[in-house]
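Q: Protein chains in written order, with the working numbering: chain A, 1 to 340; chain B, 1001 to 1340; chain C, 2001 to 2340; chain D, 3001 to 3340.
It should be emphasised that the hints constitute simulated quantities derived from the structure, not laboratory data. Being a predicted model, the structure only gives us computed values, none of them experimental. Idealized CB from N, CA, C, for every residue including glycine. Treat each hint with caution, since some may be false.
[Stated by the list, open to error] Now the stretches of chain D that chain A is said to cover, found in silico as 3 or more residues with beta-carbon under 8 Å:
{"#": "1", "stretch": "3168-3176"}
{"#": "2", "stretch": "3187-3193"}
{"#": "3", "stretch": "3224-3235"}
Protein chains: 4
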Amino acid sequence: MKAAIAGASGYAGGELLRLLLGHPSIGIGTLTAGSSAGTRLGEHQPHLPMLADRIIEETTPEALSGHDVVFLALPHGQSAALAARLGQDTLIVDCGADFRLTSAADWTHFYGGEHAGAWPYGMPELPGRRERLRGARRIAVPGCYPTAATLALFPAFAAGLAEPDVVVVAASGTSGAGRSLKPNLLGSEVMGSVSAYGVGGVHRHTPEVEQNLTAVAGRPVRVSFTPTLAPMSRGILATCTAPAAPGVTAAALREAYETAVKDEPFLRLLPEGVWPATAMTVGANTAALQVALDDRAGRIVAVAAIDNLTKGTAGGAIQSANLALGLPEELGLPLNGVAP
Amino acid sequence: MKAAIAGASGYAGGELLRLLLGHPSIGIGTLTAGSSAGTRLGEHQPHLPMLADRIIEETTPEALSGHDVVFLALPHGQSAALAARLGQDTLIVDCGADFRLTSAADWTHFYGGEHAGAWPYGMPELPGRRERLRGARRIAVPGCYPTAATLALFPAFAAGLAEPDVVVVAASGTSGAGRSLKPNLLGSEVMGSVSAYGVGGVHRHTPEVEQNLTAVAGRPVRVSFTPTLAPMSRGILATCTAPAAPGVTAAALREAYETAVKDEPFLRLLPEGVWPATAMTVGANTAALQVALDDRAGRIVAVAAIDNLTKGTAGGAIQSANLALGLPEELGLPLNGVAP
Amino acid sequence: MKAAIAGASGYAGGELLRLLLGHPSIGIGTLTAGSSAGTRLGEHQPHLPMLADRIIEETTPEALSGHDVVFLALPHGQSAALAARLGQDTLIVDCGADFRLTSAADWTHFYGGEHAGAWPYGMPELPGRRERLRGARRIAVPGCYPTAATLALFPAFAAGLAEPDVVVVAASGTSGAGRSLKPNLLGSEVMGSVSAYGVGGVHRHTPEVEQNLTAVAGRPVRVSFTPTLAPMSRGILATCTAPAAPGVTAAALREAYETAVKDEPFLRLLPEGVWPATAMTVGANTAALQVALDDRAGRIVAVAAIDNLTKGTAGGAIQSANLALGLPEELGLPLNGVAP
Amino acid sequence: MKAAIAGASGYAGGELLRLLLGHPSIGIGTLTAGSSAGTRLGEHQPHLPMLADRIIEETTPEALSGHDVVFLALPHGQSAALAARLGQDTLIVDCGADFRLTSAADWTHFYGGEHAGAWPYGMPELPGRRERLRGARRIAVPGCYPTAATLALFPAFAAGLAEPDVVVVAASGTSGAGRSLKPNLLGSEVMGSVSAYGVGGVHRHTPEVEQNLTAVAGRPVRVSFTPTLAPMSRGILATCTAPAAPGVTAAALREAYETAVKDEPFLRLLPEGVWPATAMTVGANTAALQVALDDRAGRIVAVAAIDNLTKGTAGGAIQSANLALGLPEELGLPLNGVAP
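Generate coordinates for the entire structure from the input sequences, incorporating the hints supplied.
A: Structure, rendered in structure tokens:
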């Protein structure tokens, strides 16, 4: 099988290529981009010598057609038009936001403009989602923060142990912002500094976490979400709390998480007392999870660490693509990270 | 006036010395430490050439006596015995935890052992505290996390705008852990990684934040506190949320913060839309604050950035010492940071 | 085939395990260590969930016997005794220094004590070395700095373009120092700082670089080597200069490097004008090379970037082991890095 | 006295302001910039709350006139025109390159275009230079790399102990590149990576180091200079080697350095065996020096650590301005750094 990658010169595109280079059943076809069209891939992804001399084409439906799967790693707003031109038989896996939200009102509130619709949501770990991804031809890859926050808390909501007043504070590496030339992303500004941004419920990933947890809980879940930028390239650590339902015990909580991760290839509940660090997951498609009950404050505290580019974007995309293409879900996806 | 510093070879001790070297009214007297006694200060604080050849003495009441002020930067448990021997006329400023908590039950629960009592709490910004510090002879310097979290939220509670179900997630640089030789503090483990620790309401700074906010609110405030370790040496970014009281508006919230910081030399409310970064405060005694109302989630989100070693420890200590010694509160304390 | 790893709890051991987990022909047998014996591997290598529950045994000849290959990642001085007990049929790949130097005088000068001898040197890229590694039963894995410096300069010496007055200044990530609990390796000291150490020709890797380049040049090469510590976990950037031989042109220099890397799977000469960055090689067994002729100063400047744990230790070890075991040299070794 | 700062929104401008805020005799007058004209300083220098509300004016001779001293922190090529308009009585301190080189040929070779001339060179530590700076009305501030490399090696050349075949490899923090929006300066690319650039004798600071050492040595000195970019915001570590003259001993070398630094307020020769780290000098106007004789390689190895923005730019500028204005050379300049 063959994959085209649109947005091959960016960080998400580079991670898709790195993973596909190790994938036994999906080969790498056409690479496209916008302003980088016509250049060698090696100029943009110097860590991928095996593809250094590949020439990047312009992102057009023609360039992307003729592949079994097309991965879109593009700014939002471009996926719908491309998808319409690629035909219903091609698997399209969109790493962007266009088709993640089911609520048109939420879309308009957070992204502005008109809602393009919703595609099957690429988080197989959520109850009932894996089946919907098998054989799918359209997949919306979850956002990086929603991946971390949802995986941290869904076991508690699935077991009915948490109340819906959720607070999430997450630290992300700078690669989550892509290769944008903004002053606040310069190394000189980032190193030695943690900063907040998108505070006050305005970050676009907020309704996506709510959508996921609401579906699991079976009742509306509100999320206060604050993202922060940390001085590292990769990784998200999401610290997530929700009020404990009456009578919840630490043992019941642990059991709920053990049940939730039991058959999941990429969820890893750490031994009791060990807390996630993003370094555990660099380059891996793994989410490292831990949970505790804070009796004094009456809150469940769940923490997830992921690599924002792997499980949070490109790895999650390939995991769902594997399901859609009828391949083993784990195929080509690293479980082990690169550390220290 | 002359100061002795106990614990001069550690990070907090080094920051006390750096600041005192620029203090116009307090000179540097005896330096003491534990296992480093007998060595040159330059071995431990190579960034302080002006003191490089000072010899560190052993921490004893004799070595510390004869000074106008004694700063203790020691592991907890050592302050009470030293204080008892130093006499009631000497100002003792304890950067450790021994005398911060007023509740003996909280002390025993979080620190174990017997409560030594409480000294005047060195956070002049809290309502009514400044006056109690003037002329005081004993001062308990607040913990670094409590400094950030309290300064972030006290204006909301002082104005009656927040409900007492607080969630704090804070990222700290590694210097907060001191110069301890632990594997998880090695550069190889820390760089490129954000990790959680002390999760689930067990961190010792939790009851201190509760104590502060309870005093301001006039009713019990519960805090869910999660600390995380970020790949930087200095700085704390505390993201703090509390449910908004009924009817709170963004304008009322802003006004409450403007009122709270108006006459405070070291509190800095950023312009609207600008969010704190720890890089704004490196080496400065300033706390950079911002607040927003999240209407959807019904929560106030307040963020504070401080330098954990300056405003969070040594600078806060000198600020309170200035008050106790009858000096201008700002004397010798930098308002500006070192950046980028 | 099955491999035992001695020193499995350290950084080099962890990297050997990470790579072997992806090796199609070498399985992972016994894991041993010193003070970590009896603990779970997951405590030390939390990035390797697939091996988390393996119990580490004590490093003894008995524990290591019965494997096709034994990788030793131990402090120097321990390899000889273990090797003597493991028999001549077992392939022993020593990541330590014990058997790297051929000169007993150099050994005693730089390491002290008695010289244990020399094993086939695991750098197949050097002229004539690949053949000696095929079928070998003892292999001395090169040091990390010598790997970078030798690969940077050997093409110039092999082509007779360089004079033997070499200056090497190399920056290494902190993992090169292992998981040692030393104050100067703490994150607080390392972050935001580059420092020199082992200056003045005293670093133990100096004679190893000289030995390599002398062998290639066919005449004695002297090396002034200065290592520096950089604020990153992984990577070595070696900047290496040598006087240009009379009449050398930039074109001849380029050609010499193109010739040297032509059939080498892990040497990568970057396009002209692109200079190595360690980020190009994180987690990869690749060395990124570039060279220039400085006409004004009359010097060749060659730069190599490697991952000190991969090509510089564990990857280099497996590359040579592949040759010794009759496997394809590249088997199981990543060409692509993890970036950004 | 009053200073105007042209280029107030950049990193060098910010450091000038930080230092002048602590200067007892020079007040801060007009602030100017190019594209940032009309904005608040706080938008660009959020670490300087004391100046947050100052409005930046456009850089014109009119805006800069009427000050005792004008600091220019501008891209090269703009200083000559401004200086011509400011009058001979105003002290102009140019942090840019325009007037550093005495050789028109070197200027044209390295910078292109026509040579504007040379101003008194602001490195008082060099033999005979301090006197020329007293009362000067024009000062060319040395480049950051030349500051580190020259201070590292001049004592050896002044004492006749070194031969003129110099090799310098220096690691710089990213702030040396200014606030330029280039992909290779993004945090995601910089963190976890050391990279080479400007290799092969093409970096513009090369002839400046040669000019300095040639003047000290009294004979032509050639320099092979390679800069590298390290994952930190501030700091330069320059590793500098030169062949030892015949018969040089370690004791003679040490003595030469002790003599050179003896009366210098900002040069600090570290105790024997201690090697410079950039963390020793963050925010300080100090250069930390160390030297060793490598007997085997026949080379002197000298290492200097400075803060590129302080001693390497803004601090060096104020040091020379103090001399020119008849003030004590050390006035307002920190000797101690901010660490860890």
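Q: Go through the numbered hints given earlier and state which of them the structure violates, listing their numbers in rising order.
A: none
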